[in-house]
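Q: Letter by letter, the chains look like this.
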Amino acid sequence: GDSVTQMEGPVTLSEEAFLTINCTYTATGYPSLFWYVQYPGEGLQLLLKATKADDKGSNKGFEATYRKETTSFHLEKGSVQVSDSAVYFCAPGSGAGGTSYGKLTFGQGTILTVHP
Amino acid sequence: SAVISQKPSRDICQRGTSLTIQCQVDSQVTMMFWYRQQPGQSLTLIATANQGSEATYESGFVIDKFPISRPNLTFSTLTVSNMSPEDSSIYLCSARGVEAFFGQGTRLTVV
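Taken in order, these protein sequences are the chains called A and B. In case it helps, the working numbering puts the first sequence at residues 1 to 116. In case it helps, the working numbering puts the second sequence at residues 1001 to 1111.
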């Protein structure tokens, strides 16, 4: 089955620091790739996505590029803010054409804390 | 994007009882999913609910414990049966189109 290896946390940074959260995956077929964010006390929100190789998803200053050759989808942000403190989940989604289409496999989550 | 309403948002239940969680989507979707997020853990898929067919359960989850209904293309329910404290988790429903949308979750505490 599909699996995800996500950078372990917690990650603690100072404001304006550079952020990288690594994510590699194994999946059958051609998955779409997602990053989800869970702010304290809130539900799960889609942060960004990429649906094919070399696509770059971006949102709120975060970016991730779909690297098929390395099966990776690392999350980056050039300058983090205190408000970025949250739990981040990498999740490949089973691609179309298979019986498992639509299923997401979640990484273990990375807790990010940003200090002023 | 789809909006998913899930209720209840939280509940405290006695062991041995059952709780039914409802999930309403504001548009028709073919596939809906139910996930569990145990305290401090990641999300684990419980089952896939397709309209007009039986739900498909993941390894470790069974229909007797987590019966699911999917009466139409906008609604699904998950029941947590005969609850024990180990069932204390956040339960989330999801609908998948091009991307997956999530409800706000149901925070269940079993005492």
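FYI, nobody ran anything at the bench for these hints, they're computed from the structure. Misleading hints may appear alongside valid ones.
[Stated by the list, open to error] Simulated restraints, written as ranges between beta carbons of each label pair:
| id | chain 1 | residue 1 | chain 2 | residue 2 | range |
| --- | --- | --- | --- | --- | --- |
| 1 | B | S1084 | A | E76 | 15 to 25 Å |
| 2 | B | G1052 | A | D54 | 17 to 27 Å |
| 3 | B | T1079 | A | T71 | 35 to 45 Å |
| 4 | B | T1017 | A | V82 | 34 to 44 Å |
| 5 | A | E76 | B | K1007 | 16 to 26 Å |
| 6 | B | Q1014 | A | T12 | 36 to 46 Å |
| 7 | B | G1016 | A | G41 | 43 to 53 Å |
| 8 | A | E42 | B | I1012 | 41 to 51 Å |
| 9 | B | S1069 | A | I111 | 43 to 53 Å |
[What the hints assert, rightly or not] When the alpha-carbon atoms are kept at most 20 Å apart in a straight line, the in silico SDA-like pairs for lysine to any residue are as follows:
| id | chain 1 | residue 1 | chain 2 | residue 2 |
| --- | --- | --- | --- | --- |
| 10 | A | K60 | A | T26 |
| 11 | B | K1007 | B | L1019 |
| 12 | B | K1007 | B | T1109 |
| 13 | B | K1007 | A | E42 |
| 14 | B | K1007 | A | Q45 |
| 15 | A | K60 | B | F1101 |
| 16 | B | K1065 | B | F1101 |
| 17 | B | K1065 | B | Q1038 |
| 18 | B | K1007 | A | G43 |
| 19 | B | K1007 | A | G41 |
[As the list claims (entries may be wrong)] Derived list of chain B stretches under chain A, where covered just means 3 residues or more per stretch with a C-beta under 8 Å from a C-beta of chain A:
| id | segment |
| --- | --- |
| 20 | 1037 to 1050 |
| 21 | 1062 to 1068 |
Yeah, the Cβ is synthetic: ideal placement off N, Cα and C, and Gly gets one too.
Q: Decide, hint by hint, whether the structure agrees.
A: Structure-based check of each hint:
For B/S1084 and A/E76, the hinted distance range of 15 to 25 Å is not satisfied, since their beta carbons lie about 42 Å from each other. Range check, B/G1052 to A/D54: about 38 Å between beta-carbon atoms, so the 17 to 27 Å window is missed. Look at B/T1079 against A/T71: about 37 Å separates their beta carbons, and that is inside 35 to 45 Å. For the hinted restraint 34 to 44 Å between B/T1017 and A/V82, the CB-CB distance of approximately 41 Å keeps it satisfied.
Here the CB-CB span from A/E76 to B/K1007 is close to 37 Å, at odds with the stated 16 to 26 Å. The beta-carbon spacing between B/Q1014 and A/T12, approximately 40 Å, falls within the hinted interval of 36 to 46 Å. For B/G1016 and A/G41, the Cβ-Cβ distance of about 29 Å falls outside the hinted range of 43 to 53 Å, so the restraint is violated. For A/E42 paired with B/I1012, a C-beta distance near 20 Å fails the hint of 41 to 51 Å.
Our hint of 43 to 53 Å for B/S1069 and A/I111 is violated, since their Cβ atoms are close to 35 Å apart. A C-alpha spacing of about 27 Å is found between A/K60 and A/T26, which places the hinted pair above 20 Å, so the restraint is violated. Pair hint B/K1007 plus B/L1019 holds up; C-alpha atoms about 11 Å apart against a cutoff of 20 Å. With a C-alpha separation of about 14 Å, the suggested pair B/K1007 and B/T1109 falls inside the 20 Å cut-off, and the hint holds.
For the hint linking B/K1007 to A/E42, the alpha-carbon distance of about 15 Å falls within 20 Å, and the restraint holds. The suggested pairing of B/K1007 with A/Q45 holds, with an alpha-carbon distance near 18 Å, which does not exceed 20 Å. Between A/K60 and B/F1101 the CA atoms are separated by roughly 18 Å; this keeps the pair inside 20 Å, and the hint holds. This hinted pair does not check out: B/K1065 and B/F1101 have alpha carbons roughly 25 Å apart, beyond 20 Å.
In summary, the hint linking B/K1065 to B/Q1038 is supported, as the alpha carbons are separated by about 16 Å, within the 20 Å threshold. For the proposed pair B/K1007 and A/G43, the alpha carbon gap of about 13 Å is at most 20 Å, so the pair holds. A threshold of 20 Å between alpha carbons decides the hint, and for B/K1007 with A/G41 the separation of about 16 Å falls inside it, so the pair holds. With 6 residues carrying a beta carbon less than 8 Å from a beta carbon of chain A, the segment 1037 to 1050 of chain B meets the three-residue requirement, and the given coverage holds.
Look at the segment 1062 to 1068 of chain B against chain A: 0 of its residues bring a Cβ nearer than 8 Å to a Cβ of that chain, fewer than three, so the hint is violated.
Against the hints set out earlier in the document, violations occur for numbers 1, 2, 5, 7, 8, 9, 10, 16 and 21.
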